[in-house]
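Engineer: The residues making up each chain are set out below.
Number of protein chains: 2
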Amino acid sequence: MAPSAEILCIGTELLLGQIVNTNAQFLAGELAKLGIPHHFQTVVGDNPGRIRRALALAVERAGIILTTGGLGPTDDDLTHQTLAEHFEVPLVRHPAVLALIEERFRERNRSMSPTNAKQADLPEGAQILPNPMGTAPGIIWEPKAGVAILTFPGVPAEMRAMWAETAVPFLCSRGWGQEIFYSRTLRHWGISESTLAERVGAFLQSVNPTVAPYAGNGEVKLRITARAADIAAAESLIAPIEASLRAIAGLDCYGADEETLASVSAALLVRTGTTLAVAESCTGGMLAEALTALPGASRYLRGAVVAYANDLKTSLLGVDEQRMIDHGAVSEPVARAMAEGVRKRLASDWGLALTGVSGPGGGTAQKPVGLVYIALAGPAETRAVEIRLGAQRGRDWIRRVSTQSALDLLRREIINREAFGIMKER
Amino acid sequence: MAPSAEILCIGTELLLGQIVNTNAQFLAGELAKLGIPHHFQTVVGDNPGRIRRALALAVERAGIILTTGGLGPTDDDLTHQTLAEHFEVPLVRHPAVLALIEERFRERNRSMSPTNAKQADLPEGAQILPNPMGTAPGIIWEPKAGVAILTFPGVPAEMRAMWAETAVPFLCSRGWGQEIFYSRTLRHWGISESTLAERVGAFLQSVNPTVAPYAGNGEVKLRITARAADIAAAESLIAPIEASLRAIAGLDCYGADEETLASVSAALLVRTGTTLAVAESCTGGMLAEALTALPGASRYLRGAVVAYANDLKTSLLGVDEQRMIDHGAVSEPVARAMAEGVRKRLASDWGLALTGVSGPGGGTAQKPVGLVYIALAGPAETRAVEIRLGAQRGRDWIRRVSTQSALDLLRREIINREAFGIMKER
Numbered sequence: 001m002a003p004s005a006e007i008l009c010i011g012t013e014l015l016l017g018q019i020v021n022t023n024a025q026f027l028a029g030e031l032a033k034l035g036i037p038h039h040f041q042t043v044v045g046d047n048p049g050r051i052r053r054a055l056a057l058a059v060e061r062a063g064i065i066l067t068t069g070g071l072g073p074t075d076d077d078l079t080h081q082t083l084a085e086h087f088e089v090p091l092v093r094h095p096a097v098l099a100l101i102e103e104r105f106r107e108r109n110r111s112m113s114p115t116n117a118k119q120a121d122l123p124e125g126a127q128i129l130p131n132p133m134g135t136a137p138g139i140i141w142e143p144k145a146g147v148a149i150l151t152f153p154g155v156p157a158e159m160r161a162m163w164a165e166t167a168v169p170f171l172c173s174r175g176w177g178q179e180i181f182y183s184r185t186l187r188h189w190g191i192s193e194s195t196l197a198e199r200v201g202a203f204l205q206s207v208n209p210t211v212a213p214y215a216g217n218g219e220v221k222l223r224i225t226a227r228a229a230d231i232a233a234a235e236s237l238i239a240p241i242e243a244s245l246r247a248i249a250g251l252d253c254y255g256a257d258e259e260t261l262a263s264v265s266a267a268l269l270v271r272t273g274t275t276l277a278v279a280e281s282c283t284g285g286m287l288a289e290a291l292t293a294l295p296g297a298s299r300y301l302r303g304a305v306v307a308y309a310n311d312l313k314t315s316l317l318g319v320d321e322q323r324m325i326d327h328g329a330v331s332e333p334v335a336r337a338m339a340e341g342v343r344k345r346l347a348s349d350w351g352l353a354l355t356g357v358s359g360p361g362g363g364t365a366q367k368p369v370g371l372v373y374i375a376l377a378g379p380a381e382t383r384a385v386e387i388r389l390g391a392q393r394g395r396d397w398i399r400r401v402s403t404q405s406a407l408d409l410l411r412r413e414i415i416n417r418e419a420f421g422i423m424k425e426r
Numbered sequence: 001m002a003p004s005a006e007i008l009c010i011g012t013e014l015l016l017g018q019i020v021n022t023n024a025q026f027l028a029g030e031l032a033k034l035g036i037p038h039h040f041q042t043v044v045g046d047n048p049g050r051i052r053r054a055l056a057l058a059v060e061r062a063g064i065i066l067t068t069g070g071l072g073p074t075d076d077d078l079t080h081q082t083l084a085e086h087f088e089v090p091l092v093r094h095p096a097v098l099a100l101i102e103e104r105f106r107e108r109n110r111s112m113s114p115t116n117a118k119q120a121d122l123p124e125g126a127q128i129l130p131n132p133m134g135t136a137p138g139i140i141w142e143p144k145a146g147v148a149i150l151t152f153p154g155v156p157a158e159m160r161a162m163w164a165e166t167a168v169p170f171l172c173s174r175g176w177g178q179e180i181f182y183s184r185t186l187r188h189w190g191i192s193e194s195t196l197a198e199r200v201g202a203f204l205q206s207v208n209p210t211v212a213p214y215a216g217n218g219e220v221k222l223r224i225t226a227r228a229a230d231i232a233a234a235e236s237l238i239a240p241i242e243a244s245l246r247a248i249a250g251l252d253c254y255g256a257d258e259e260t261l262a263s264v265s266a267a268l269l270v271r272t273g274t275t276l277a278v279a280e281s282c283t284g285g286m287l288a289e290a291l292t293a294l295p296g297a298s299r300y301l302r303g304a305v306v307a308y309a310n311d312l313k314t315s316l317l318g319v320d321e322q323r324m325i326d327h328g329a330v331s332e333p334v335a336r337a338m339a340e341g342v343r344k345r346l347a348s349d350w351g352l353a354l355t356g357v358s359g360p361g362g363g364t365a366q367k368p369v370g371l372v373y374i375a376l377a378g379p380a381e382t383r384a385v386e387i388r389l390g391a392q393r394g395r396d397w398i399r400r401v402s403t404q405s406a407l408d409l410l411r412r413e414i415i416n417r418e419a420f421g422i423m424k425e426r
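If you read the sequences in order, they're chains A and B. Letter 197 of the first sequence, counting from 1, is numbered 197 in the UniProt record's numbering, and no numbers are missing. Letter 380 of the second sequence, counting from 1, is numbered 380 in the UniProt record's numbering, and no numbers are missing.
Just so you know, these hints were derived from the structure itself, not from any lab. Among the clues, some could well be false.
Note that the list lumps identical chains together, so a pair holds whenever it fits in one copy or between two copies.
As the list claims (entries may be wrong) - Calculated cross-link-like contacts (lysine to aspartate or glutamate; reagent style EDC-like; alpha-carbon spacing at most 16 Å):
| # | residue 1 | residue 2 |
| --- | --- | --- |
| 1 | Lys33 | Glu13 |
| 2 | Lys221 | Glu13 |
| 3 | Lys367 | Glu198 |
| 4 | Lys367 | Glu107 |
| 5 | Lys221 | Asp76 |
| 6 | Lys344 | Asp311 |
| 7 | Lys367 | Glu332 |
| 8 | Lys221 | Glu381 |
| 9 | Lys367 | Asp396 |
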């Protein structure tokens with residue numbers, strides 16, 4: 001079995017929740033790219049006993065140990081000292097490192113305090129892992145057979161520079177990076193995680209590439225991860241699985257990786273040379289905001305009307321007052337009228353409208369919180385859908401899922417019309 | 001020695017570096033608030049053997065174990081199953097939980113798949129830790145003396161709600177939270193971090209409470225943190241410091257803690273009984289979205305017009321075409337006309353408008369990316385400001401800071417008018 005890597009992050013500020021551990025995320029992603037197995041991450045405070053305990057455990061579990069933090073000049077910076085004690089070697093002062101530290105202080109016209117010299121004391125036998133951005137160097141140390149320890153400061157920019165410039169070449173020289181992990185994430189809307197997982201069940205057992213489902217904010221993702229010699233080889237492993245998964249999911253799969261329902265819908269509008277106008281009520285501008293977050297939105301978005309007050313649904317969108325009295329502002333007929341009204345008044349090919357109860361107040365037995373009507377007025381006809389999101393996930397969630405559902409309705413309609421070759425038939 | 005807590009985060013996506021571990025940061029901060037010692041955090045993938053290994057270690061090292069992740073319906077969600085195996089008890093299906101899961105699916109007109117039932121299977125003897133936002137509940141389980149295990153889903157919003165509603169009361173009932181850390185964060189707009197830090201310099205040396213500045217997304221925060229027996233005692237330590245800091249910052253301090261420029265502006269509109277209408281261009285709905293994110297927005301927001309295409313600035317807002325030709329769509333005169341037009345056409349007391357270049361394209365020497373004009377039409381007069389945000393921070397940042405600056409203009413204007421006692425003089 002190939003040795004695995006373990007990440008050991010040292011710093012009391014992590015245990016106090018004062019900072020989020022982006023170093024662990026960065027190193028984890030980099031290990032995956034190099035194809036280095038990685039099974040455990042540990043966070044420990046600036047405490048010699050507990051650092052040694054975590055270190056002993058890491059040495060027992062892994063062959064490559066990456067530490068972050070504890071390289072500074074103060075008394076609670078203990079990483080190199082604790083490593084030396086654990087492997088029972090002395091600390092050795094490196095004049096070259098000391099000179100470099102003194103130089104850094106001269107550059108900034110600052111006088112160096114004696115404690116800074118401490119940063120030049122490294123475990124006997126360790127190589128220097130140079131820090132191009134700061135005063136504290138790390139080490140690359142193989143204290144015994146099958147164990148390589150690389151230490152980094154906690155400052156993310158310094159850690160990343162040291163990783164790229166020295167750690168990666170070292171690991172590749174040790175035979176890593178021959179294989180990489182490479183992922184594609186397929187994104188789905190309008191299907192539950194469990195239903196999708198059942199449909200693609202056979203693929204979830206696949207070994208290379210692996211396929212794993214994730215859910216959140218109303219969408220479901222399938223992550224396809226391949227292990228291969230390089231990205232091209234990984235993509236050729238992923239391609240057939242991706243094709244099969246897309247075939248199974250059909251239109252429920254809206255895109256991959258960085259694509260969003262907004263970016264996919266925008267691309268469809270651009271490709272079909274059609275324009276959109278938006279009428280919002282419960283989402284209060286969220287749909288327009290999502291569409292204008294993309295550069296070049298003026299190519300496809302005419303504009304939007306947020307008719308929050310009901311009388312504006314009439315004065316700005318031309319919704320018939322009687323219709324609102326008969327059906328209520330949150331109703332399919334009003335959603336249809338809003339979509340048709342905004343399409344006409346803003347002179348666009350498509351009119352997309354939402355009206356609903358986003359809560360927490362305003363719900364009734366007939367019109368509960370989470371009830372939303374979405375309508376899309378197009379060149380030929382107007383489609384409408386009713387969605388019921390429930391109240392328990394809250395106002396923000398209802399508004400977000402409603403916005404995504406509206407974009408999904410537009411996406412499916414354009415794709416279906418393209419399929420039927422009836423775009424621009426107005 | 002009091003037992004300590006340990007955080008065990010379960011999820012392969014953490015080991016692949018696909019997400020940053022904000023759950024660990026949140027829980028670590030909450031443990032600190034409750035005064036619960038916390039010495040180790042471990043991250044492990046969706047692997048039964050390694051989850052059990054990490055679990056055994058946590059049980060040996062700590063008395064309170066908090067896990068996140070692995071509560072979903074799919075085969076790689078293993079937390080409760082692995083816990084049951086480790087403590088050699090069976091999983092028991094909870095009909096009440098099953099009914100709740102079925103209910104959630106009914107609410108959303110989704111059919112529940114058999115695998116979802118798995119989320120109702122909990123280790124024998126464990127209490128349910130209710131999940132108010134999702135289908136997967138956690139557990140509170142004391143499988144043996146001196147060991148309490150609390151499990152949470154990986155979805156941050158669900159985890160946080162479960163923590164606040166159930167976990168905190170449980171831990172307090174066990175005697176924790178006797179001495180607490182309690183913070184108030186003062187929020188500022190329109191002043192730089194260095195300027196504010198200089199003005200409040202003397203307070204940054206304070207010990208209990210401590211005062212620390214933070215900056216981000218155009219705002220500057222001062223966090224006041226007190227250590228005390230309870231919240232009341234902490235607040236009495238914080239109150240005089242807060243009063244002094246607010247006095248120094250004046251109108252640049254817009255609120256505290258969860259308050260936002262949107263919530264503060266909304267409260268001012270409600271208190272003065274005035275209504276707002278919004279006209280947006282470069283922000284594309286972001287301002288309206290921020291104002292409608294708050295419950296009860298219909299009390300003060302009439303609606304919004306996103307006039308993204310220039311001809312809509314004329315047809316929907318009545319901006320004089322010649323004025324756009326003379327000054328350009330991104331200009332103070334057009335911003336003023338948009339504010340006055342939306343105030344008139346949407347029949348509101350205030351009209352707030354933005355027009356600018358959010359980039360990345362569309363900038364010129366005279367009208368560079370990041371140039372934004374904001375205008376506020378009120379009962380008496382129309383005010384306008386020009387802001388130059390530069391291009392390098394990108395489109396999203398320009399849109400966000402523009403939106404906040406518009407809210408800040410409204411906030412200051414209402415406060416000044418209140419001070420002069422000339423509200424409602426139309």
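Engineer: Work down the list of hints and note, for each, if the structure agrees.
Structural biologist: For each hint, the structure was consulted:
1. Lys33 / Glu13: This pair counts as between: shortest inter-copy Cα distance 14 Å, intra-copy 28 Å.
2. Lys221 / Glu13: between (32 Å within a copy, 12 Å between copies)
3. Lys367 / Glu198: neither (33 Å within a copy, 54 Å between copies)
4. Lys367 / Glu107: This pair counts as between: shortest inter-copy Cα distance 12 Å, intra-copy 51 Å.
5. Lys221 / Asp76: Answer is between; shortest inter-copy Cα gap is 14 Å, intra-copy 41 Å.
6. Lys344 / Asp311: between (18 Å within a copy, 14 Å between copies)
7. Lys367 / Glu332: Only inside one copy: Lys367 and Glu332 sit 12 Å apart there, 44 Å across copies, limit 16 Å.
8. Lys221 / Glu381: For Lys221 and Glu381, the Cα distance exceeds 16 Å both inside one copy (32 Å) and across copies (52 Å).
9. Lys367 / Asp396: This pair counts as neither: shortest intra-copy Cα distance 18 Å, inter-copy 35 Å.
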